[in-house]
Amino acid sequence: MASGTKIEQQAKSATKEKFLPRKLIAPALIFSIALTQVPFLVTIYFSLMEWNLLKPQEKAFAGIDNYIYVFKTGDLLPAIIATVGLTAFSVVCSLLVGLFFAVLLDRKFRGQSIARTLIITPFLIMPAASALIWKFSMFDTNIGIINFVVQKLGFSAIGWSTQYPYISVIILLTWQYAPFMMLILLSGLQSQSREVLEAASVDRAGVLRTFAFITLPHLRQYIEIAILLGTIMLLQAFDPIAIMTKGTGGTKTLAYLLYERAFVGMNVGQAAAYGVVTVILTIIVATISLRSLFKVFISGVSK
Amino acid sequence: MNNKVKALIAIVVVAIAGVVVVQQQSGGDVTLTLATVNNGQMKDMESLKSEFEADNPGIKVNFQVMEEGDLRSAVTSDVANKAGQYDIVTIGAYEVPQWGANGWLTDLTSDLADDAYDVGDILPPVKDALSVDGMQYAVPFYGESSILMYNKEILDAKGVKLSNNPTWNEVAAAAKKVNSANTAGICLRGKPGWGDLFAPLTTVVQTFGGTWYDMNWDAKVNAPEFVQAVTFYKDLLASAGQKDPVSYSFNECLTALKTGKVAMWYDASVAASMLEADDSPVKGKMGYAHAPVAKTKEAGWLWSWNLAVPANTQNKEAAVKFIKWATSKEYHNLVGTKLGWSLVPPGARTSTYSIPEYKEAAAAYAPITLEVMSAVNPKQPGVNPQPWVGIQYVAIPEFQDVGNQVAQLVADAIAGRITVKEALDKGQVIAQAAGDAQK
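Going line by line, the protein sequences match chains A and B. Taking the working numbering, I'd label the letters of the first sequence as residues 1 to 303. Taking the working numbering, I'd label the letters of the second sequence as residues 1 to 439.
These aren't lab readings, by the way, just hints derived from the structure by calculation. One thing to keep in mind: the hints can contain errors.
[To be verified] Simulated pairs of lysine-lysine, DSSO-like, Cα-Cα distance not exceeding 27 Å:
| # | chain 1 | residue 1 | chain 2 | residue 2 |
| --- | --- | --- | --- | --- |
| 1 | A | LYS152 | B | LYS295 |
| 2 | A | LYS59 | B | LYS439 |
| 3 | A | LYS72 | B | LYS421 |
| 4 | A | LYS152 | B | LYS177 |
| 5 | A | LYS59 | B | LYS82 |
| 6 | A | LYS55 | B | LYS439 |
| 7 | B | LYS49 | B | LYS329 |
| 8 | B | LYS295 | B | LYS176 |
| 9 | B | LYS158 | A | LYS152 |
[Said to hold, decoys possible] Sample of chain A residues at the chain B side, in silico, Cβ under 10 Å:
| # | residue |
| --- | --- |
| 10 | ASN52 |
| 11 | PHE139 |
| 12 | GLY144 |
| 13 | THR245 |
Glycine included, every Cβ here is placed at the ideal spot set by N, Cα and C.
This is chain B alone, in the form it adopts within the complex:
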């Protein structure tokens, strides 16, 4: 054996020994990997994680922040294939009941039972949307509903008044009255996609008495109520909406409202905090109302970003500890004192809305957010009962695809290339194929 080989063997032995020693030293420590979405509130959580790490020596939390679309596909393939890369995942209200039923998530019901955490404080509709058969599979980090937002200056100039619970007919009349060459009456999402166009449109369908599926999973997409709702949405866009609906979703409408190009907007309640931000030109000029209705009492949607623990994680205990901390009352206080009270995650806990500092900082939109979020019913948002829990989506894996394809057809109808009935007749076939898979 020559010297070179001996030297090489020596190096390898030392290296292996080194690795073993390092591993033994870090044996007591746990590093949690958390996949999350790149929203402001999540970044706040990352900036505060050192507080958690200081209180819980031996636990480190490693954040992986992604775009919503990337997060959805990364987490879906990881959890579905049981790859076990993440100890904590951030998932939407759409995924929680499906993944819970698939057995992909840890049941948190017993872990959340202690008094200090106070699980009863979580807004009841949000909690309902995250449970399957009484078992809770995720905790909400923040939640939102949909509300009507309007520029009071523009409406006042035309003498238009809106009640706190307007009907769609009132809103349509108001939109037509304030509509002018420079300012559209109302902004509504038109970008084809299940999470774009069909988020607000599904709530309109439900309040008009329509639904995607009946209790037998038979599609109801070309039923008269569905057609009537889509026709109403199309006509409202044509007579008083923004000019190029296919290009418009949340961000485009937000910009249009801020710059005074539209007078009203029906969208996520979380937009209110952006309209009331210090750099917003319409700060203090806005009015807010419940989601417009037709046949139901409430029509707002329900969405939450939630923290869940995949079933196959090695570090379940530490992961549960972290998600309880991140969704606790103490965390809300921590955000308020360290980062500012207007940044407290909204729509998750009832008690948040009785913190005096938060009430003051979010005076313009906190009361209506709480009011709407407590009032909506994800178990039966429409006139008739439905076989899934959820408002602006159908909680089946096929819905992303179905919603997307039908949204493209509806966009063709909005542009007038086909009639609403033709679009929805085609949509019915697509939806029925997905419904048959649930039977």
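This is chain A alone, in the form it adopts within the complex:
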């Protein structure tokens, strides 16, 4: 009898022990569910409404009309192509520029830390500010530095935002994100074993061969991480499009399209529908890319 109660008590305290931590977690769990899922549910609800802010009297349930609109107007596919294209080109360009500067900085010289700080600066400037800087100080036809040089070389000034909006956005994003790539690649370069490099030079491998056959394979994981993180950040690029090109010339990305539906069209329903479709697409892409992201991290750890 006595032992029976003991066992019962033990079992009770065991279940108590199990429930207590769960109870303690509960507020945080409920909070995070509320914070992440409620807005999404509200967005889904909005996406089923006919709701233009400028026509409050016509607010009504619309069913899937907004989704039909999203797929029928044909703005979605060009926006996806623009987003993927701009992101891909910008990531590749900033990776190459970043690699170039990382290799240059991976040696001892006077003022190395000053040079490094200066090169990182573009990444620290607010995106809207850097878009304005490029619009006026660099690309402008009258006071821009690029056009000043172009004209000094004897050519006529180039209307960047008008003639080459796509390239302008890529140039700006590359300028902004190359420092980020450089930081990751530089840490990779500095973790290289000096002995291996020394051995290579003893074997009379040239600089280019050493770089191609020793440094680059060593950098592979760093490059993969840089590409993945860069892609995640660049997919959200919005400021250069809003400030410089206004979505012309194939630069209307998903982010800008969404902004337009919500704040120019004032159409909450349509904007929400675009938002839901974007989230679904993002989940699909993210599941695939996160898998490879984890692979990169895991293999990085195992080595």
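Put chain B on the given structure of chain A with help from the hints.
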């Protein structure tokens, strides 16, 4: 009950009593909340509000000054959802007739009828644009039209003369003649947006005989006249315009003209006061002319920033009193004597243009502003009648969106990525969907 609880209850009781007493004391006072745009003239109004408060004891006016875009969305959502946060709102000529028709604004017709206010003194086209079926829903604080501004030194050097009412063909010829490697012939807005590119471009479309919609709300965006006008605008930019049109709107063109990078500019008349300001390098060198025309007599646009009282305000009487004061003849005199005569709000009252001090201070641009603003016709700005009142915009809620999307297509056409016809064929579909919603 322990002492702590007693103390707490005592504190709460005192606090509630305090609130009640304060509320009773301020019972006779009214605080008006005014939402407005961050333009110079509005800030002048804020600096002079103490004069109004001194004359009207018991009324306080609280200004909320915002960027144009922020103001538009803040005021729209407040008024549309009847939140009642503002007693007075500053809205553009584009919004007034729509909001008036929606029943969101107080009808001011009877409140403005007294002789002292003299409602007949308000410039007739501006008054027309603010009325729906004879009922006036807002009063203009200041107004503007569009004019052609040109640097006389540059034009004289090439022997170019412009008349007071030039045609677009004359202007295009002049622009090509003065165009050089360092100085563009003409600056025209190219930044995609209904209020940027399409403000001047719509006036060009109308004077070429085109329109956005016919009387049945059928879109006319790919009609031959519309295509011809946009092609003309594009060709003029390509042959004698500034190099990077997509980057250029009001402020960029203003800078370019001030620094001598362009010779001519077609834009808002309010720019003239900035070109003639004391710190402007082109002060006194400028010439002004009516908006260039093709088939119509006048082609200038019409815009005004207006004060209106939302229908659901609790303080209607005090709010009306304030907007009458801020748009009165006495207020114009007050600005002139206290702040300087060149700062008097332009384009609202005819009598402003007969004040001797103002005539002297604004001699370079006051006559042409009055001339153009009295001449334009917001009821039928183009060749054919239209089902809305307004010149450089269509007074329907969808127009912001339609104008924006078509402007992006036109910008692609200006850059040569698609033809004008292709751009406007796509624009026609977008515009027709909005037109169908009006039928």
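Okay, the hints, checked on the actual structure:
Using a Cα cut-off of 27 Å, the hinted pair LYS152(A) and LYS295(B) is violated, with the two alpha carbons roughly 43 Å apart. Among the hinted pairs, LYS59(A) with LYS439(B) is consistent with the structure: their alpha-carbon atoms are about 18 Å apart, no more than 27 Å. At roughly 22 Å between alpha-carbon atoms, LYS72(A) and LYS421(B) fall within 27 Å of each other, so this suggested pair holds. A C-alpha spacing of about 24 Å is found between LYS152(A) and LYS177(B), which places the hinted pair at or below 27 Å, so the restraint holds.
Distance hint between LYS59(A) and LYS82(B) is fulfilled; the C-alpha atoms sit about 14 Å from each other, no more than 27 Å. For a cut-off of 27 Å, the pair hint linking LYS55(A) to LYS439(B) stands: about 15 Å separates their Cα positions. This hinted pair checks out: LYS49(B) and LYS329(B) have alpha carbons roughly 15 Å apart, not beyond 27 Å. Our distance criterion of 27 Å between C-alpha atoms is met by LYS295(B) and LYS176(B), whose separation comes to about 22 Å.
Between LYS158(B) and LYS152(A), the direct Cα distance comes to roughly 26 Å. Compliance with the 27 Å bound is thereby established for this hinted pair. Interface hint at ASN52(A): satisfied, since its Cβ lies 7 Å from the closest Cβ of chain B, which is below the 10 Å cut-off. Hint status for PHE139(A) relative to chain B: holds, with the closest Cβ pair at about 7 Å, below 10 Å. A cut of 10 Å between beta carbons decides the hint on GLY144(A): the least distance to chain B is about 9 Å, and the hint holds.
Here the hint on THR245(A) is kept, as its CB sits about 7 Å from the closest CB of chain B, short of 10 Å.
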